[in-house]
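Chemist: Each chain, written out:
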Amino acid sequence: NAGVTQTPKFQVLKTGQSMTLQCAQDMNHNSMYWYRQDPGMGLRLIYYSASEGTTDKGEVPNGYNVSRLNKREFSLRLESAAPSQTSVYFCASSEFGGAGAFFGQGTRLTVV
Amino acid sequence: QKEVEQNSGPLSVPEGAIASLNCTYSDRGSQSFFWYRQYSGKSPELIMSIYSNGDKEDGRFTAQLNKASQYVSLLIRDSQPSDSATYLCAVSGDMRFGAGTRLTVKP
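Line by line, the protein sequences are chains U and H.
Note that this note's numbering has the first sequence beginning at 1, numbered continuously upward.
Note that this note's numbering has the second sequence beginning at 1, numbered continuously upward.
Only chain H is shown next, with the shape it has when bound in the complex:
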């Protein structure tokens, strides 16, 4: 059974802080990893993809992948109230998701 697990949260950070979201996966053969953001009542939106070990930065978002330890993380720098959402980790090839971590950024 392929598993994708995320820290359960909820996570609350003050505006301007760094939010750190973590995800572990069980299938060592996985090659592609994704972070999605889901606002309440909306559909998930792809925000980051990462395929190789190391860091990938896109604006305020940094995804980190460590295949040896089977974890992937998402850092959100200078967190804004508009970042308040549920963040979902997904692992390919059959695109399985973790349960999500709810993030609240307090002004």
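Okay, chain U solo, but in the shape it has when bound:
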């Protein structure tokens, strides 16, 4: 009964390095989301995928790319990491766009 699984849980990157955050859900949900959470700023939507094969920008997409690999998996890529991307990243999924979302455990990313 895994729900939403994110990997890795922690990561330290040097400025300019690239990496991909992985997310997989086993609830057969159609919609998936990537958020970042910074102190005092709540959750800000980076990208979302309403259904397999579609992706859309959220509030803060600059510096990120996403891939909806299949119905289960939605990855987030940082092509050239910057210190401003230091944050906690959450992946979430919902049955459809108007349903409540379930979150993964988060990835704490530090860019030095």
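Please note that a few of the clues may not be correct.
To be verified - Below, computed lysine-lysine pairings styled on BS3-like, alpha-carbon distance capped at 25 Å:
#1 U:71 - U:57
#2 H:56 - U:57
#3 H:2 - U:9
#4 U:71 - U:9
Keep in mind that the hints were calculated from the coordinates and are not lab data.
Starting from the known structure of chain U, fit chain H onto it as the hints suggest.
Modeler: Using the frame of chain U, we list chain H on its own:
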């Protein structure tokens, strides 16, 4: 720009009191509204969903929706210290969140 705003808090209530959390949103086309609870260092957890005007009750929690005034609220009755957390309001279709209100329930 779609906006979701919450009263900034922090909010402190004594044990057994009613905690009232408020949220306003800008997109009149929004159809679904959610409250999440987030304990420190943990991921958000869905606690209430509401889709139509009026009240929805689940145990000690009541969500209230007023689409005409574009606000949604969460009432927590008989507040317990274990309710101390940050409460996040979210609005669909792209699931945008407010900044959250930190609630502390004092024994």
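Chemist: When the hints from earlier in the document are held up against this structure, which numbers fail?
Modeler: 2 and 3
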